[in-house]
Amino acid sequence: MGYGAFIIHGARVGIYPPDSRMADEFGLELLPIITGRARDCEADVLAVYDEQGGTSSRTGDGTLHFDAGWEGAENFEVADGVRVYLDYGRLAVKISARDGSSFDESLLALVNLVEYMLRLHMHRSRPLAVFHAAAWEVGGAGILLPGASGAGKTSLSFIMEAAGHLIISDEDSFVVRGADGLTLLPYPRRLRVGGGLLAAYPELHNRAARPYSAFGGEGLLFEHDGRPACVAPLAAVVFLDNDPAHTGPPMLTPLTERARVLYSLLGSGEYYPADNAHGPMKAEFAAFNRALFGIACEAVDKVPAWRLVYDITRQCRLIPEVIEELASNLMEAGRV
Amino acid sequence: MSEHIEIMPRANPSLLSRREGDSLVLFNEDSGDPFILNGTGARIFELADGRRGIGEIAVMLAAEYDAPEEVLADDCAEFISMLIQKGLLEVA
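Listed in order, the protein sequences are those of chains Y and H. FYI, the numbering for the first sequence is 1 to 336, going by our numbering. FYI, the numbering for the second sequence is 1 to 92, going by our numbering.
I should point out that these hints are in silico values taken from the structure, not numbers from a laboratory. Check before you lean on any hint, since a few could be wrong.
[Unchecked claim] Not everything, but these chain Y residues come out facing chain H in the computed CB check (under 10 Å):
hint : residue
1    : 218
2    : 265
3    : 272
4    : 273
5    : 285
6    : 289
7    : 314
8    : 316
9    : 317
All residues carry an ideal CB built from backbone N, CA and C; glycine is no exception.
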């Protein structure tokens with residue numbers, strides 16, 4: 001027995017036990033088994049699902065000791081019988097669950113924790129900002145679309161993909177400084193869609209890879225893989241505003257008040273709780289948050305911003321045309 | 001007889017700031033909270049540098065905005081109190 005690994009943004013993410021559903025969630029191929037002690041393993045980020053409730057680990061041939069090294073890790077109970085361990089020093093996470101706990105929910109939580117640790121790993125090599133936003137590439141233009149839960153980040157991402165555009169992310173978007181300005185990095189996580197959108201947009205059935213029934217729901221799983229080799233230059237920010245009371249066509253309004261744009265962008269930023277951290281992690285979290293501020297300021301300086309208001313239940317089909325026209329205008333203005 | 005000690009508020013050192021026109025965008029690098037202050041509010045925050053009392057800040061504002069100092073003093077004190085409550089300013 002050993003553990004599997006993915007390569008995400010150049011980082012080796014070790015996972016134990018290697019599980020095909022984790023591979024499905026990331027949309028990545030699970031790399032061959034690696035052996036070695038987990039605490040000394042080559043993984044940049046390590047994720048462990050311990051189904052024995054933390055009392056022992058199934059180490060197979062005895063060379064893996066996933067229970068070792070967690071003594072100093074921050075830990076807390078997230079559900080009855082389910083405890084999460086966060087070891088920021090070696091960027092390792094563990095979910096320890098008693099028998100009878102939901103494996104699917106724990107696995108989904110583990111995916112999110114991997115992302116949480118991966119951000120820190122990436123930040124250690126270069127400044128990184130993560131926004132709660134979708135990101136699409138349309139005609140060569142990278143568009144960042146911050147939106148609150150329910151704004152339609154995922155739903156609109158499906159529709160944009162169906163219209164032939166590249167989805168860079170449907171939930172968390174990674175932005176770094178590139179040679180020619182800010183760059184959107186794709187986050188490799190599959191798109192999933194459930195009942196509501198399928199009813200409104202039945203054509204999606206034809207584009208789905210297969211049904212899924214895990215992670216607390218049922219629906220369709222798409223082949224979208226956020227191609228790790230593909231990046232897009234940030235050319236515009238579009239704040240998504242799903243307003244059920246909106247009438248008329250989707251409305252795209254330029255935002256010229258830079259302070260308000262910066263404030264909104266910072267509000268959509270993913271940050272680390274430096275005020276609750278101690279020791280070296282407090283400084284590292286603060287540095288991560290400072291990078292968010294710096295990149296948000298740079299975005300306000302360098303790219304234009306809009307607000308897109310729509311009623312997603314009635315107007316989701318109209319969004320691609322609006323965004324395509326925006327991308328075309330960006331191209332004409334020499335911003336792409 | 002009670003002795004009046006004037007407080008000299010200053011910015012929370014965890015705040016990053018960015019001026020955009022009349023507005024000031026603040027970001028707490030510890031908590032991740034963003035704030036926005038406009039016009040006079042932004043100016044009051046900037047004047048609160050830890051070396052000025054509220055009275056002096058009101059005098060400077062009155063000069064800059066050509067407004068009666070006695071009217072500004074109360075508003076200024078109330079606003080600074082609110083900024084302290086929100087953790088944007090602190091008192092040494």
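How the hints compare with the structure:
1. 218: 34 Å, violated
2. 265: 9 Å, holds
3. 272: Holds, because the Cβ-Cβ distance from residue 272/Y to chain H comes to roughly 7 Å (cut-off 10 Å).
4. 273: 7 Å, holds
5. 285: Interface hint status for residue 285/Y: holds (8 Å vs cutoff 10 Å).
6. 289: With Cβ-Cβ at 4 Å, under 10 Å, it holds.
7. 314: It is violated, given that the least Cβ distance between residue 314/Y and chain H is near 32 Å, above 10 Å.
8. 316: 30 Å, violated
9. 317: 34 Å, violated
In terms of the numbered hints stated before, the structure departs from hints 1, 7, 8 and 9, listed from lowest to highest.
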